[in-house]
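Please take these sequences and the hints and turn them into a complete structure.
Here are the chains, one letter per residue:
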Amino acid sequence: MFLQHLINGLSIGSVYALITIGYNMVYGILELLNFAHGDVYALGCFVVLGLVTAGIHPIIAILGGVVSGYILNILVERFAYRSVRFSGRVTPTISAVGVAYIMRNAILKIWGPETYPMKLGFRGTQLHLGGIVVGTLQIYIFIAAISFMVIISLFLKKTKIGQGIIAISQSIPTAALLGVPVNRTISIVYGIGGALGVIGGILFCAYYDTIFVGIGFALGTLKAWMAAIIGGVGSLKGAVIGAIMLGLIESMVAGYVSTLYKDALVWLILITFILIRPQGFFPSQIAEKI
Amino acid sequence: MAELLRAEKLSRHFGGVKALTNVNLTVNEGEILGVIGPNGAGKSTLFNVLTGFYKPSDGKIHYKNRDITGRPVFETAKSGITRTFQNIRLFDQVSVLQNMLVGMHTQLRPKFTEILFKKPDAIPEEIRGRKDAEEVLDSFGLLDVAHITAGNLPYGKKRRLEIARAFISKPSLLLLDEPSAGMNPSETVEMMKFIKDIRDKGPTVVVIEHNMKLIMGISDRVAVLNFGEKIADGTPAEVQANHEVIEAYLGKEEE
Amino acid sequence: MKNKYKILLFMFALLIPPIIRNEYYVRIVNIFYMYSVVALSINLIVGFCGQLDMGRAAFMGLGAYCSAILTVKMGLPFIAAFLISGAFSGLIGAVLGFLCRKSAFDYLTLVTIGFNAICQIVFLNWIPVTGGVMGISRVPQPNIFGFHFDTNTRFYYLALFFLAASFIAMHRICNSRMGRAFEAIRDDSIAAEYSGINVQLYKILNFAIGSVFTGLTGALFVHYTQYASPFNYTLDESIYQLQMAILGGLGSLAGSLVGTFILVVLPEISRSFYEYRLLFVGILMVVMMLYFPNGLLGKEGVGERLIAVRLGMLGGKNSRKDSGG
Numbered sequence: 012m013f014l015q016h017l018i019n020g021l022s023i024g025s026v027y028a029l030i031t032i033g034y035n036m037v038y039g040i041l042e043l044l045n046f047a048h049g050d051v052y053a054l055g056c057f058v059v060l061g062l063v064t065a066g067i068h069p070i071i072a073i074l075g076g077v078v079s080g081y082i083l084n085i086l087v088e089r090f091a092y093r094s095v096r097f098s099g100r101v102t103p104t105i106s107a108v109g110v111a112y113i114m115r116n117a118i119l120k121i122w123g124p125e126t127y128p129m130k131l132g133f134r135g136t137q138l139h140l141g142g143i144v145v146g147t148l149q150i151y152i153f154i155a156a157i158s159f160m161v162i163i164s165l166f167l168k169k170t171k172i173g174q175g176i177i178a179i180s181q182s183i184p185t186a187a188l189l190g191v192p193v194n195r196t197i198s199i200v201y202g203i204g205g206a207l208g209v210i211g212g213i214l215f216c217a218y219y220d221t222i223f224v225g226i227g228f229a230l231g232t233l234k235a236w237m238a239a240i241i242g243g244v245g246s247l248k249g250a251v252i253g254a255i256m257l258g259l260i261e262s263m264v265a266g267y268v269s270t271l272y273k274d275a276l277v278w279l280i281l282i283t284f285i286l287i288r289p290q291g292f293f294p295s296q297i298a299e300k301i
Numbered sequence: 171m172a173e174l175l176r177a178e179k180l181s182r183h184f185g186g187v188k189a190l191t192n193v194n195l196t197v198n199e200g201e202i203l204g205v206i207g208p209n210g211a212g213k214s215t216l217f218n219v220l221t222g223f224y225k226p227s228d229g230k231i232h233y234k235n236r237d238i239t240g241r242p243v244f245e246t247a248k249s250g251i252t253r254t255f256q257n258i259r260l261f262d263q264v265s266v267l268q269n270m271l272v273g274m275h276t277q278l279r280p281k282f283t284e285i286l287f288k289k290p291d292a293i294p295e296e297i298r299g300r301k302d303a304e305e306v307l308d309s310f311g312l313l314d315v316a317h318i319t320a321g322n323l324p325y326g327k328k329r330r331l332e333i334a335r336a337f338i339s340k341p342s343l344l345l346l347d348e349p350s351a352g353m354n355p356s357e358t359v360e361m362m363k364f365i366k367d368i369r370d371k372g373p374t375v376v377v378i379e380h381n382m383k384l385i386m387g388i389s390d391r392v393a394v395l396n397f398g399e400k401i402a403d404g405t406p407a408e409v410q411a412n413h414e415v416i417e418a419y420l421g422k423e424e425e
Numbered sequence: 002m003k004n005k006y007k008i009l010l011f012m013f014a015l016l017i018p019p020i021i022r023n024e025y026y027v028r029i030v031n032i033f034y035m036y037s038v039v040a041l042s043i044n045l046i047v048g049f050c051g052q053l054d055m056g057r058a059a060f061m062g063l064g065a066y067c068s069a070i071l072t073v074k075m076g077l078p079f080i081a082a083f084l085i086s087g088a089f090s091g092l093i094g095a096v097l098g099f100l101c102r103k104s105a106f107d108y109l110t111l112v113t114i115g116f117n118a119i120c121q122i123v124f125l126n127w128i129p130v131t132g133g134v135m136g137i138s139r140v141p142q143p144n145i146f147g148f149h150f151d152t153n154t155r156f157y158y159l160a161l162f163f164l165a166a167s168f169i170a171m172h173r174i175c176n177s178r179m180g181r182a183f184e185a186i187r188d189d190s191i192a193a194e195y196s197g198i199n200v201q202l203y204k205i206l207n208f209a210i211g212s213v214f215t216g217l218t219g220a221l222f223v224h225y226t227q228y229a230s231p232f233n234y235t236l237d238e239s240i241y242q243l244q245m246a247i248l249g250g251l252g253s254l255a256g257s258l259v260g261t262f263i264l265v266v267l268p269e270i271s272r273s274f275y276e277y278r279l280l281f282v283g284i285l286m287v288v289m290m291l292y293f294p295n296g297l298l299g300k301e302g303v304g305e306r307l308i309a310v311r312l313g314m315l316g317g318k319n320s321r322k323d324s325g326g
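Chains as they are written, first to last, in our numbering: chain A, 12 to 301; chain B, 171 to 425; chain C, 2 to 326.
Don't read these hints as lab results, they were simulated from the structure.
Since this is a predicted model, take the numbers as computed values, not measurements.
One or more of the hints may lead you astray.
Listed below are the simulated SDA-like cross-link pairs for lysine to any residue, each with C-alpha atoms no more than 20 angstroms apart in a straight line [to be verified]:
hint, chain 1, residue 1, chain 2, residue 2
1, B, Lys188, B, Phe223
2, B, Lys288, C, Met179
3, C, Lys103, B, Gly240
4, B, Lys234, B, Glu173
5, B, Lys383, B, Glu408
6, B, Lys371, B, Asp390
7, B, Lys289, C, Met179
8, A, Lys120, C, Ile284
9, B, Lys248, B, His232
10, C, Lys5, C, Phe168
11, A, Lys168, A, Ala178
12, B, Lys340, B, Glu201
13, B, Lys328, C, Ile169
14, B, Lys281, C, Ile169
15, A, Lys168, A, Gly190
16, B, Lys288, C, Phe163
17, C, Lys5, B, Asp291
18, B, Lys363, B, Ile333
19, B, Lys340, C, Leu291
20, C, Lys103, B, Glu245
21, B, Lys289, C, Phe163
22, C, Lys7, B, Phe223
23, B, Lys288, C, Ala165
24, B, Lys248, B, Asp302
25, B, Lys234, B, Arg176
26, B, Lys289, C, Tyr6
27, B, Lys281, C, Met179
28, B, Lys289, C, Ala165
29, B, Lys301, C, Met179
30, C, Lys103, A, Glu42
31, C, Lys103, A, Ala178
32, B, Lys281, C, His172
Quick look at the structure:
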């Protein structure tokens with residue numbers, strides 16, 4: 012049984028990881044609590060649903076969703092965040108909450124609160140390995156999470172844009188002095204975050220075979236935020252490890268303690284974690300300056 | 171002169187970086203002590219450690235013959251050590267007068283029942299606070315802007331307000347971190363006079379400065395930091411004659 | 002405002018029920034009065050102290066359930082249950098504030114959201130105490146020393162008194178040494194600490210005082226509607242309440258009343274507005290943060306700027322700087 016919980020925790024954790032990578036990049040660079048992250052990519056996932064329902068091939072539909080996630084997040088950054096970027100903490104956070112509500116209600120107006128089956132045609136088969144069940148989909152998800160982490164870290168290390176992103180995360184004024192196009196780079200970070208979010212969201216939907224409006228906030232933004240805090244704000248490695256730990260915690264709590272109070276217990280564990288280790292497992296090393 | 175504050179073998183490390191190493195420093199009552207040193211010499215770190223913002227990695231701080239090492243900032247502030255900042259830190263969204271009243275936080279102590287059951291302008295402590303604050307604002311030339319939001323003040327007045335806010339808390343020891351930063355020569359001369367006036371009104375003053383003219387003109391003593399260590403300490407004339415200091419700092423300045 | 006106008010306003014408020022003589026309208030005003038106190042408490046925490054609390058509904062729920070349980074299951078009189086609920090909510094607020102005293106800005110927000118989620122789950126699932134999905138019904142109407150507040154009009158005067166007392170108390174706190182300390186922490190917590198303010202203690206105090214008022218409101222509400230439902234204290238509800246304080250202007254107590262009035266009355270006027278209210282709140286939040294971060298009555302907010310336009314002295318300043326993290 013333990014192994015089964017472990018496998019389930021790992022695969023749900025890998026889904027969270029994809030969602031968290033994009034979230035944590037924004038979080039680390041701009042210190043913005045991007046409340047809208049989940050709801051933006053949820054809209055992207057619903058676009059996929061719409062395209063699939065219209066009879067378009069799932070792969071093309073997913074590409075369409077990813078592109079719409081990319082564009083949506085760039086638009087959100089441009090119109091709702093950019094001008095309040097330096098207005099302290101409260102103002103941009105509230106603006107982000109507003110965006111989240113706009114996106115969520117847009118979904119509710121178009122698709123309603125119902126749960127839809129997400130038929131993408133790659134449900135996969137199940138492998139029985141000595142009493143435990145492993146879906147091939149679970150394996151694909153795990154591989155996808157790891158490969159995206161590798162791709163993103165290569166992107167940050169090897170490309171000019173990636174270096175620009177790192178420079179911005181150290182200090183925006185310095186990056187600007189060094190000639191990094193600040194606004195464009197931040198746009199790209201948001202775009203990538205949205206695109207990765209849609210991929211994560213689609214895998215989530217595929218995993219549970221359903222899609223509904225809640226995949227955005229409760230199952231998206233909040234999980235990404237938790238994972239970022241567990242792993243360490245702004246750290247790529249932290250995002251993945253934090254997300255996988257979150258998946259494991261959830262599956263263990265549900266398996267061994269209580270399904271009824273699962274969410275409450277996960278929150279309690281997280282709050283305790285914040286109190287004990289507020290900097291996460293992989294803290295970024297920036298001391299507060301006077 | 172009586173000793174007000176004594177730091178013994180003060181050190182502060184950040185990971186591998188030694189920001190302060192074995193600094194011994196005495197501040198005497200009623201003097202103006204200048205602290206100079208090249209960029210990154212540890213001057214601001216010294217202030218941060220003396221006030222308890224950073225805990226020292228090693229060493230002791232004695233103030234008024236009591237050990238205050240490791241006390242939190244608000245307690246050292248209560249016991250009479252206060253400061254200004256290199257990048258001005260005001261309460262930007264409230265009025266100039268309110269900034270002053272926050273500066274008086276430790277002195278005004280109305281009871282909670284008084285707050286709840288009396289009008290604000292009928293509480294004796296509040297009335298006294300307002301009167302004192304207005305007096306000090308007047309002597310700092312800020313009375314005419316008392317009701318303006320602090321964030322909207324011009325730069326020079328912000329500097330003065332920050333010092334006034336520190337001054338009104340009636341500190342025994344006032345630490346000024348680069349008070350003339352961003353000022354033109356004539357404003358700097360004014361600031362020199364201003365700092366002397368403040369000392370004459372009560373608190374002992376420690377000033378961090380880049381501006382040599384300012385520091386040599388007003389200090390009774392000068393301490394020189396370089397790479398986190400104190401390399402000299404004495405009257406302005408003594409320090410200016412010190413070879414190590416000339417090498418580290420003044421030599422470049424005179425080129 | 003001068004005293005004369007305050008007295009006139011209060012006299013007018015006393016006359017509202019006989020003037021409008023419509024049970025339904027009086028009911029709306031009652032609800033407006035109660036939500037106003039919640040908005041005031043949010044303003045105290047978010048507007049004055051800069052702590053972005055997104056779980057105020059949880060504290061309303063705590064006050065509501067506490068008072069409902071004390072009266073229905075333990076037979077306590079209304080006034081005792083009401084006061085105990087305020088104290089209980091304040092105590093929980095203090096505990097949460099204590100736990101978050103060292104936390105950075107983001108963590109407080111996350112912890113309050115988490116706390117809201119936990120409360121919701123407990124309300125729903127702790128059936129022996131909270132009644133689960135059924136909630137607690139037949140909560141007695143307020144009764145103070147034999148006087149029954151059993152009609153909308155009678156309750157109106159209780160709610161008016163509650164709002165007036167809360168408003169005066171908060172107004173005095175905000176204009177005292179304590180309120181100045183809150184604002185100092187919001188604007189620059191490091192400079193506040195250097196002014197001798199025990200920042201951690203004041204954050205806890207701020208959270209506790211705000212929670213007392215939220216809890217009292219929750220209790221009063223449950224005795225008015227006579228029913229404690231686990232579905233009334235959601236995160237959406239918290240966000241809607243937050244918007245009441247934002248719309249009026251963070252940092253302006255009078256603004257909170259105006260913001261609450263708009264957001265309580267609009268959904269009642271139009272059914273379709275009710276359906277779209279969360280979309281409306283979302284758009285409002287973005288637009289306000291971009292163009293009017295100080296709300297209707299805040300400093301340099303919409304109100305002041307309208308006056309400035311009329312006097313022909315429009316300044317270009319609309320950026321509100323709050324404490325950097």
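Could you tell me which of the numbered hints above are not met by this structure, giving the numbers in increasing order? Those not satisfied are hints 13, 19, 22 and 31.
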